[in-house]
Amino acid sequence: MIKKRLVIIGGGSAGMAAAIKAYELGERDILIIEKNAYLGGILNQCIHNGFGLHEFKEELTGPEFMTRFSKKVEELGIPYRLNSNVLNISNDKVVTYSNSQEGIVEVKADAIILSTGCYERNAGAIQIPGDRPSGVYTAGQAQLFVNCYGYLVGKRVFILGSGDIGLIMARRMTLEGAKVLGVAELMPYSAGLNRNIVQCLKDFNIPLYLSHTVKKVEGLSHLEKVTIAKVDEKMNFIEGTDITFDVDTLLLSVGLLPNVDLFNKLPIRISRTRGAVVNQAMESDIRGIFACGNVLHVHDLVDYVVEEAREAAVGAVQYLNGELKHEGHVYEVNPGNGIGYVVPQIVYIDDVKDKLSFKFRVRKPYKDVDIYIKEGDKVIKKIFKPAIIPSEMEIVKLDKSLFLKEANEISVYVEERK
Amino acid sequence: MKELTCIICPRGCHLVVDDELNVSGNTCPRGAVYAKQELTHPTRTLTTTVRIVSEKEVSLPVKSDKPLPKEKIFDAMALINKTSVKAPIKIGDVVIKNIFGLDVNIVATKDVSR
Ligand SMILES: Cc1cc2nc3c(=O)[nH]c(=O)nc-3n(C[C@H](O)[C@H](O)[C@H](O)COP(=O)(O)OP(=O)(O)OC[C@H]3O[C@@H](n4cnc5c(N)ncnc54)[C@H](O)[C@@H]3O)c2cc1C
Ligand code: SF4
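Top to bottom, those sequences are chains A and B.
Throughout the first sequence, residue numbering follows the numbering used here, covering 1 to 418 in sequence.
Throughout the second sequence, residue numbering follows the numbering used here, covering 1 to 114 in sequence.
Chain A on its own, in the form it takes in the complex (with noise of 0.2 Å):
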C-alpha cells in the first residue's frame, strides 16, 4: 500500500488552494486525486466573469480562476492524479480510488482533506408535478453542456429557482438565440445576487416570478408546456393565479448539495449545513479528516472556498506536526436568531492560532441589522450590517482574545434595528 501524509480528494479550487497552502507550510508529501481530466473543478464550466475579487483584486472568469491555481501546483510540483474516481476512505484513513490506468489503488493517509464540491438538486429531490418529458435539465448540466460541448440544451426557455447558476443560464441562453420566458421563484425573494438580477434577468427583459412555482409540467415524450402558479405564505397554490408557457426546456436552479458521500459510512456527523460537523480547524469528528468548499457548506464566492481551504491546510499541518491537541476549553457554536447555520461548530480555542472566524448565513433578508456573537450571556462581539441577504455568506473574524474560556456556548443571532 502506497503510504502519503497528506491526501486531498478532489481538485477543484478548494482542493488545489488547500494543496497549495500545506506546500507553504512545509508539508512535501501531498497528493490531490481529481475525477475529472483536468485540475479545476466546477469553475470550468464557469465561463462568466466576477470571480477573484477578494483573492486577485481583479474581475476573472471561473477558467482564468482556476488556471492561475493549477499553474501554482504544477510550479511547485504537488503530484496529483486526473480521472481517478476516489470510492471510499476507511476509518482508519485509508483511501480507494480507481482510474484505467491503475485499476483500484489503496493510500494509507495520515490526513486527509475532502473537497469534492457540492451537486445540484435534480427535478427528483424537488417532486415536480406532472408528466416526466425529457428536456428537463439542472442548470448545472445545461452550462455544462453549452459552455464545454458547444451544444444548447433548448430554445424556449423556463427556469424554477432563482439561485445564482439559473440567474446566469437565463443570461447565457439568451445570448445563445434562445428565448427565456421567466424565472419563477418560491420564495419572496431572490436566492441569487442582486447583481445577477439586474445583469442577467433585467437586461434582457426576463421576468422574474417571485411566491410562484411550477404547478404542472406537460409533454409526451418531450417537453412542451410548464404551468407555474402564485403561492401564499403557507406555501399553497392561490387559485386564478396560473400562467402557462409554451416551452422545450425547464432548468432547475433549486439549490445545490454538498458532496459527502465518501463521509456517509463514516461516523461523521453531519451538520444543518449539510456538510460534516467540524471544529476550527475544518477538522471533522475524526482526527485527520478536514473539509473545505462546497462539500462543507455551499459558498457563493470562491474566494471564500480558498479561504476556508487555507484554513484547512492549516489545520491539516497543525494535526500532522502533533500540534492539534483538543485539550482546555472548547465550545459548541450555535446558529440563534435568524441565524441558518455556523461553521465551525465546535471550537477547541487553545488550538487557534490568533484569529478565528465564524462563517454563516442569515435564514431572510434583513436591513439595519446588529449581529451579536456571544459566549454564555456575555456579547463578545457585535457588528451593524446596513443589509445582509441569504445568498451572501457573512464572515466574523476574531481575536482569539475576545474569548472569555468561561462557558461552552456561543451563539450567532442578528437583532433588527427598529
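Read the hints as simulated data drawn from the structure, not as lab findings.
Think of the CB as a built atom: it goes at the ideal place given N, C-alpha and C, for glycine as much as any other residue.
There could be a bad hint or two in this list.
[Said to hold, decoys possible] Over 12 Å on every C-beta distance to chain B, these chain A residues come out as not near it, computed from the model: (1) 62; (2) 64; (3) 65; (4) 71; (5) 80; (6) 87; (7) 175; (8) 196; (9) 198; (10) 243; (11) 246; (12) 415.
[What the hints assert, rightly or not] The list that follows gives simulated cross-link-like pairs (lysine-lysine, BS3-like), each with its CA atoms no further than 25 Å apart: (13) A:202 to A:179; (14) A:155 to B:66; (15) A:364 to A:234; (16) B:66 to B:82; (17) A:265 to A:234; (18) A:202 to B:72; (19) B:56 to A:72; (20) B:70 to A:202; (21) A:202 to B:56; (22) A:202 to B:86; (23) B:90 to A:57; (24) A:325 to A:397.
Starting from the structure of chain A, add chain B with the ligands where the hints point.
Frame of chain A; chain B with the ligands shown alone:
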C-alpha cells in the same frame, strides 16, 4: 424619470433618477455614481465561447477585455459565433481584434495546449 436597483452592494437600494440625472433613494454616494453611468452609458463585459479546432476541446471560453456598450452585445455574439480558432491557445490570446472599432478585443480565457 427612471428607476433601477443599485448592484454595488447587497443592500440593493431602489434608485430613482429624474430627467436632470438627479439620483434619489441611494443610501450612499456609490449608488449615484452607478445610476449615472448606467443611464448615460451602460456597458457590460461579454463572456461566451468560440469554436476551437483541438484534440481535446470543442469550445474555447472568451471574454471582452473591456466592457462593451450594452447595445453592441448581440452584434458581438453574432460575430463571435462565426469565428473559429485553432489550438494551441493561451489565456489572453486575441481571438477578435478591436471589435467594431470599439478598442475592445475578444480574448481567450483558457489555455488549450493541443
Ligand atoms: C455552477 C456554479 C456556478 C458558480 N458561480 C460562481 C460565481 O459566479 N462566482 C463565484 O465566486 N463563485 C461561484 N460559484 C461558487 C464557487 O465557484 C464554488 O463555490 C467553488 O469553485 C467550489 O470549489 P470546490 O473546490 O469546493 O468544488 P468544485 O469546484 O466542485 O471541486 C470539487 C472537485 O472534486 C472532484 N470530485 C468529486 N467527487 C470526487 C471523487 N469521489 N473522487 C475524486 N474527485 C472527486 C470533482 O470532480 C471536482 O473537480 C459557483 C458554483 C457553482 C456550482
Ligand atoms: S446605494 Fe450604496 S448602500 Fe445602496 S445598494 Fe448602492 S452601494 Fe449599497
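Taking the hints in turn, this is what the structure says about them:
At roughly 8 Å, the least C-beta separation between residue 62 (chain A) and chain B is not larger than 12 Å, which violates its mark as non-interface. Its closest Cβ contact with chain B, about 5 Å, brings residue 64 (chain A) to no more than 12 Å, contrary to its assignment away from the interface. Remark: the non-interface label on residue 65 (chain A) conflicts with the geometry, its nearest Cβ contact in chain B lying 9 Å away (cut-off 12 Å). Not every CB of chain B is more than 12 Å from the CB of residue 71 (chain A) (nearest about 9 Å), against its label as outside the interface.
Separation of residue 80 (chain A) from chain B is adequate, the least Cβ-Cβ distance of about 17 Å exceeding the 12 Å criterion. Non-interface status of residue 87 (chain A) relative to chain B is upheld: no Cβ of that chain comes within 12 Å, the nearest being about 26 Å off. Distance check for residue 175 (chain A) against chain B: the nearest CB is about 5 Å away, which does not clear 12 Å, and the non-interface claim fails. Against chain B, the non-interface label of residue 196 (chain A) is violated: not every CB pair exceeds 12 Å, the least being about 9 Å.
Distance check on residue 198 (chain A): its Cβ comes as close as 5 Å (rounded) to a Cβ of chain B, failing to clear the 12 Å threshold; non-interface status is violated. No Cβ of chain B comes within 12 Å of the Cβ of residue 243 (chain A); the nearest lies about 24 Å off, and the non-interface call holds. For residue 246 (chain A), the non-interface assignment is confirmed: its Cβ lies about 23 Å from the closest Cβ of chain B, beyond the 12 Å cut-off. At roughly 18 Å, the least C-beta separation between residue 415 (chain A) and chain B is larger than 12 Å, which holds for a residue marked as non-interface.
With a CA separation close to 14 Å, the supplied pair residue 202 (chain A) and residue 179 (chain A) stays within the 25 Å bound. This hinted pair does not check out: residue 155 (chain A) and residue 66 (chain B) have alpha carbons roughly 29 Å apart, beyond 25 Å. For the hint pairing residue 364 (chain A) with residue 234 (chain A), the CA-to-CA distance comes to about 16 Å; that is within 25 Å, so the pair holds. Note on residue 66 (chain B) and residue 82 (chain B): the hinted pairing holds, with a Cα-Cα distance of about 21 Å set against a maximum of 25 Å.
Of the pairs offered as hints, the one joining residue 265 (chain A) and residue 234 (chain A) is violated, with about 36 Å between alpha carbons and a cut-off of 25 Å exceeded. Of the pairs offered as hints, the one joining residue 202 (chain A) and residue 72 (chain B) holds, with about 16 Å between alpha carbons and a cut-off of 25 Å not exceeded. For the given pair, residue 56 (chain B) sits about 22 Å from residue 72 (chain A) by alpha-carbon distance, which is consistent with the 25 Å threshold. Between residue 70 (chain B) and residue 202 (chain A) the alpha-carbon distance is near 12 Å, which keeps this suggested pair within the 25 Å criterion.
The hinted pair formed by residue 202 (chain A) and residue 56 (chain B) fails the criterion: a straight-line CA distance of about 36 Å is larger than 25 Å. For the hint pairing residue 202 (chain A) with residue 86 (chain B), the CA-to-CA distance comes to about 36 Å; that exceeds 25 Å, so the pair is violated. Annotation: proposed proximity of residue 90 (chain B) to residue 57 (chain A) holds, straight-line Cα distance about 22 Å (limit 25 Å). As the CA atoms of residue 325 (chain A) and residue 397 (chain A) are separated by approximately 22 Å, the hinted pair is consistent with the 25 Å bound.
Consistency with the previously given hints fails for numbers 1, 2, 3, 4, 7, 8, 9, 14, 17, 21 and 22, ordered from lowest to highest.
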